Each structure stands twice: as C-alpha cells, then as structure tokens.
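A.B. asks: Dock chain E against the given chain B, drawing on the hints supplied.
First to last, the sequence lines map onto chains B and E.
Each residue of the first sequence is one higher than the one before, counting from 210 in my numbering.
Each residue of the second sequence is one higher than the one before, counting from 539 in my numbering.
By construction, these hints were calculated from the structure, which means they are not laboratory data.
From a predicted model like this one, the values you see are computed outputs, not experimental measurements.
Take the hints with a grain of salt, since some may be wrong.
[Unchecked claim] Covered stretches of chain B, as calculated for chain E (at least 3 residues, CB under 8 Å): (1) 223 to 237; (2) 245 to 259; (3) 292 to 302.
Built from N, CA and C at the ideal position, the CB exists for glycine as well.
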Amino acid sequence: MTILVGLNLLDRQIVDRDGDPVGKVDDVELGVDDDGVPYVAALLVGQEVLGERIGADLGTWMAGIARRLRTDRHPKPLRIGYDLVSEVNAAVRLSVKRDLLPDAPLEDWLRDHLVRHIPGAQEKE
Amino acid sequence: MKKLLGITLGILTSVGGFVDIGDLVASSQAGARFGTAHAWVLLVGVIGICAYAEMAGRVVAVSRRPVFDLIRERLGPRVALANLAGSYVLTVVTLGAEMGGVALALQLLTSANYLVWIPLVGLVLWLALWRLKFATLERVFGLGGLALVVFAVAVFVLPTHWDTVWHLASRPGPPSGTETWPTYWYFAVAIFASALTPYEVFFYSSGGVEEQWTPKELSQSKINVFVGFPLGGLLALSLMIVATVVFHPLNTSVSALGQVALPPTMALGRIGLALAILGFFAATFGAAMETGLSCAYTVAQYFGWPWGKVLRPVKAARFHTVLLVSILIGMAILLTTIDPIQLTEYMLIFSAVALPLTYLPILVIANDRGYMGERVNGRFANALGTVYLIIVLAAAVAAIPLMIMTRAGA
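Extracted from the complex, chain E is given alone in its bound form:
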C-alpha cells in the first residue's frame, strides 16, 4: 500500500495529461472515426513522456531544480519569457476547460446545466489548492482517476472483435471510406501532443520539489514514471478500443461526454456508468489542479519567487496570487459559454508548437555535469531524447498547417 501511495504523483500527472476532458472525448472520437488506427501514436507518446519525465525527475532529485528553472537558465530570459507567455496562455485556457470538464461530469450526474456548476467548481478547486496537503491532493485525485479502469474492464466485457482491433491497429492510416490522410495526421498530432503536454513535466518536476526529493528518491521517481505514464496511456487506449467496438461500426462520431460513458454502461450497467462518471470527475478535477498549479509554478520559477504548497502561504504571496488569478481567468473563459471540449483540442495543437522549447533544455541540463554530477544521461537516454526531439520538432512544424488544411479535423 505504501508503495502504491508513493507513485500517486506519477499517476495524477499522467491521468491529467492522457485522460483529461479533451482527451476523454478525443480518444473516443479517434476510436469512433479511425478505430484503433492511432494506437501506435499512444505508444510513441508514452515512450516519449517516460523518457523526458525520467530526465526531469532525475534533475529534480539531484539538483532540486524544476523544469522552468532549466528553461530560463539555458534559453536565457528572452526566449524563456516567450515560452512562459505561450505556456501560460495554453495552460490557463486548459485550466478553464478542465473546470468545464468537472462541471460537465456534474451535469451528467444532476442534469443541471454545466454553467451553473462553474462558480462552485472554481471555489472548491481554489479551496483544495489553498488548504489541502500536496500529498493528499495527489492521492485522492490520482487514485480517484483510476476509476476510469472501468473502460479497460469494458474492453473485455464487450464483444470486442480482436481481429478487427488488431487489423486496424497494425495498418496505420485512415480506414477506407470518408476519412483522409491529413485528418488522420491531425488526430495523430493531437494525440501525441496530449501525451507530452508541457504542463505534465512542469507539474511532475515541481511535484518532486514539493515532495523534497533527494538522490535517495531517484528510484521512486523512476517507478512513478514507468508505472504512472504507461497507466495513463493504457486508459487512453481503452477509451479508443471501446469506442472502436461501439461507435466505429455505426459510423457515428463522438462529441459529448455523455456519449463517452456509453460503452462502460453497455458493458456493466449502472455500476459502469457510476464508475465512469466518478472517473471523469476525478480525472478532470485532477487535471484542473495540475494545470492551475502549473500556471503558478511556471510564473514563480521564471522570476525566481518563493513557490510551492510546502511553504506557508504568507511566505509565497506572489505564488498564491498568481494561482488565484489563474483560477479566476479560467472561470471567466468558461463563462463565455465556449465549448470546453473543443477548447482543449485546440490547445493541444498549439501546445505541439511549444513543445521543443520545453524539452530541449531538459535534454541539455540532463547532460550537464555541473548540475548532475555522475548522474548525467547515459547513451540510451540521449539517443531516445534526441529521437524524440526530432519527432517533437516535426509535430511542431506540422501542427498548424494540418489544423488549417483539415479545418481542425472536421
């Protein structure tokens, strides 16, 4: 049990990246339209986030410096400021969308319009971040998000046609019919970007500082990475497979959270529905915490301000002010009645553009003996890191043109 509680940071980080409100719908949508033809992208994404989160965790354990410290240190104040501005806008908009996701889960439960729930969601989120311990937050929402395992169970309860699943997964590309290659690649970039969203490494590395990791915790960080992120990827894969089974044969598309909950309901009845809603709630609330804290972490780390939940709030006044203001901005975005699900999907495409500026400094510092001493990257980590830097660059270049060509995957 203690071991399980030690890896909740990895689980929460990865649930917030792989199965937040945008991905719950996007993975199901990909399954409905393309079947499992994007499964390989999830695999590529999981390996990439594992490689870079492991580096970021190692840097934190050895040097206590979180990712945004490295960004400013290596890229200089100007480029880092551009990265900060871009990341902050993306993360705060995503924060708004995640709060919308919590409200949508409450709408499923109560039938009251999600907009009614937004003030309450904002207040509870802020209270949780103000009052609860970091470890408590991790445990409650990391483990709560695991209710989504109901989708993995549904894969086996539903009459899954494994031949079809494998056939689609082993032949990447749009299935014959109405879908095109640009749309296929547009979805691929979005799924890849959701695996490597910058706020995951911001949050994960800052969480390591909050938990006061030292070189003794190196192995704990590794377990967090190599269990947490594959678990998130597996949940996303389950969403894709059940959508392949239920929606793909009917040629229906998925655009609402209620539809996403249909496969586990068909498989397990009311219990399936209840667990799905609980999972939606915990995963989106966890993602809201992750993005909200990331907003405040990055700003404070860029300027060098005292930060973190480990400090008393009076000792980190600027940090807590940024956190509060970010939540208010997120609520304001939502109250324009913009669709939170579409919003996160757009943010994923824009974040694909910002990825290289976040991952390059991690790779550089992980090779710096001044920071890392003997614990610099080995050959394998460098080879993997370099390959992924190239993939990330390709995704960054392709993201916007694909978005325009396909009219955002329409």
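Bound conformation, chain B alone:
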C-alpha cells in the first residue's frame, strides 16, 4: 500500500480502537526494507518531536519546554509501531485500547497533582 506520509499521515489525529484520542502524528519513523524500499516503521507522538519538526527558535523552545516538563532523564517520545495501525482515513485508527499505551507525562502529572484532587473529577458528565 502506498501512502503519502506528508498528506495522509502527518498531523492527523490518532484514535484508539474505540475512537478515543491518543495524540497527533507529530512525526514518523521511517525504515528501509531489504530491497531498499522505505516504509513507515512507527508513529511518533509528543511535543518534543513536534517542536523539532517545527524547527527554528519557536520549535526548539517548544521542544525544550516539553522536555523540561518531563521527569525522566532521557525522555523519549511515545512510539507507536505501525503494525498497530488498523485504518487511515479522517483519523489514524489503532487496533488497541488507549490504556495499553503509556499516558503522556504532562497528562499524568496534571491528573495526579491537580485535577484528581478536585471533587467530581472521577464522575462522568
């Protein structure tokens, strides 16, 4: 299957098998097979890779903030192997549930330090 990475993949919304948002395709990781044909190996998600893709001062600044907001020493973006992608149309649909993927560190931090402590945070609308 041919796919135009720039037009059909980059910057699309990634959703899990139930349609819940996972993130954007902020960048892709390419591989080259034995015949020398390039293929999409993985989707990369996170403000660090997005900042690097935007480039210039603004992008570097965004990537810097994203790294600083993380607690681990050598932060890596969320990497979703392309074999988990089940469908590409208006969104990139995965074949797994979101819960199986690690949450973004900023989401974790804000949930544990702020949102969870407000009464009613657990309740559905």
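C.D. replies: Relative to the frame of chain B, chain E by itself:
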C-alpha cells in the same frame, strides 16, 4: 419540544457570536449612529456563517473531526500554531470581556459595581463547566438568551417609522451629517466579523463531537445551522432597529449596557427591562462558556490531547487545566479595570484578520473525499464558500487600516 431542544447548540453558538457583550452595544451603537444602514452586513454575515457552519457540522457528522483538527492537518504545524496563538489570545481576551458582561448585567440588577462581581462570576462559570452536562449548558443558556426576543417585540410596540427604517437600510452608506465612509466601513467590518468569529465554528464543531454526531445527525446539524444562526442575526437586527427608533433621531451615541436596555423598557415597562437584563445575563454567560470552552478545545485539538466534557475530567487532565487557566487569565484581564465593551470591539477587528486561516481549511476538507466520502461539497456550497473566502480576505486586509484611519470608529 424535543425538536426545540435539539437545536439549542445552534442557538447558543449564534447568540454567543451575534449578541455577546460587545455586539449588544455595537449593534445598538451602529443603530444610533447609522440607523439601519448596516442591516445588509448582518444579512451577509448570517449567510456566511450558515455556509461555513453547515460545512463544519457536516465534516463533524461524517468524520468526527472538529475544526482545529482540520486546521493543523491542512495548514501544517507551523501555520496552525500561529493560528492557535492568535485565536487563543483573541478568545481568552473575549472570555474576559464576556465575564465582564455578566458582571455588568449583575450591576444593572443590583447597582453594585461590576468589578465586585467578577470573582463570583469566574467561580460560577468554572463550576458550571466542571459539573454541568454539555446538553444542560446548551439548553439553559441557549434558551435563556432567547429572552432577548424582547427587543424584537419592542420593534413592533415602539412607534417604529418603517419608511425611515427601510430608507436607511436600502441606501448603504453613512447618513448625511457627521459620519464618514471610513467609519461606516469600520463598523461594517466589526459587524461582519462578529457574525463569523472563529470561536463560533470551533465551538459549534466541537459541540457536535460532544453530542457524538454521526451521519444520522446530518439533518439535525442542518436545522441547528439554518435556525440558530438566522435567529442570532435577527436578534442583532432588532437591537439595531430599536436603537434606530430611539437613539438615531436624537443623535445620541450608545456606549453602556444600561442604555441598550432603554428601548425595551420604553416599550414594555418593567417587564421589558427585566427580560432585557435576563437576556443580557444569559447571552453573556453563554458567550463566556462558548469562549472558555473554545480556548481549551483549540489547544487540546492542536496537540491531539483527549478533550471534551463527555470524558471524565481525570481522563482529560490537560484539557481541564487549560480551561481553568483560561478562566483565571480572563479574570485577571478584567481586574485591570479595562472596559469590557471596548475590549470585545477591538478583538472583533483583530479576529477579522485571523478569519481566512480558519475558514480556508474547512472549505478544503469539505471537498476531500478521504474525509467526506460521498458527502463532499456540492457546487452551490463551493460557490458560496469561495465567494465568502474572498469577502473574508477583503475584511482581513481592510480591518487594521480602517481601525487606524478612524481611530477605532471614534
């Protein structure tokens, strides 16, 4: 009744765009200074927002992708980030102004200075957005804003001179006297921009996702658009006409919310005043919800974070944090004692500049079969969309020069 409740999203969106705190005063001000000479701009604005909200609603129903997803997808991360930064600043400042509008409505009711009410307004707004269901918010404030229909009633109770109204409306331009063409066009751009403010399509399309529209809801979206937005336009037109009747002959200008409430009070006495204040309160509170949620929707949609009131807050921690911080920023802006009414008017002019970057991606995606399948734009929708893109570009180019030339319509 069920049908009526099904279109509250359209009503709330349009009330928040057409008769929020800035427009309540601006429409009356336009009526006082120019009579109904700007009525055609409202008509042009209503058709434009209908065309683009219909497209955005259709995209949501078919693909479940709200407007800011499309912006990043089609314009790329850099231009979309510029759009996000611009839209966020405009929307958060407008959010501050709308909270100021709620406080001004409370000032009319209690005579206590509006600044006293701001902390309470901020708290109640946040609580409403934290605890109440999306559908409840829509219904209470969409329908509450309809109290402004009292202005339409006043049009018929007051001794409206229809010949004069029609005379002014059918000859666009500044009425002879002190007003000039640049001022006339400055008001025209502001009124046009208030009809097509970007936060309307952000909110409307995200609301469609919150309500979990599918292709089955396509007709419901159409009814929302074609009833809701004309209704907002009609309310704005009523404000303009009553101001034409009451203020235009006297050559007075309107600059405070209390003056806006004068025509329905003259027409219907205390009941008119009460309904006007109720309408001011619901419309500005609804607009505050619309702008507050739009701030959080756009940021979350740009970055791809989980968002929406449909999720439990612990599942959308970044979204709820942006919402909370936006409300705090809005309150901080207000507490500088800046005039909320003037503030929204400036924001309208700046938003005119940002309009093309929001509407172009909607038009492009509405033609993309990868998203829309068989439900791509027909010829009529494309013709209308293209014409409006040109109008929007013209308004964007003219906005700032007109603002400088006329010293913001002074």
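A.B. asks: All hints are to be evaluated individually against the structure, with a verdict given for each.
C.D. replies: Right, here's what the structure says about each hint:
1. 223 to 237: Result for this restraint: holds, n = 8.
2. 245 to 259: With 3 residues closer than 8 Å to chain E, the segment 245 to 259 of chain B meets the three-residue bar; holds.
3. 292 to 302: holds (count 3)
Every hint from the earlier list agrees with this structure, and none is contradicted.
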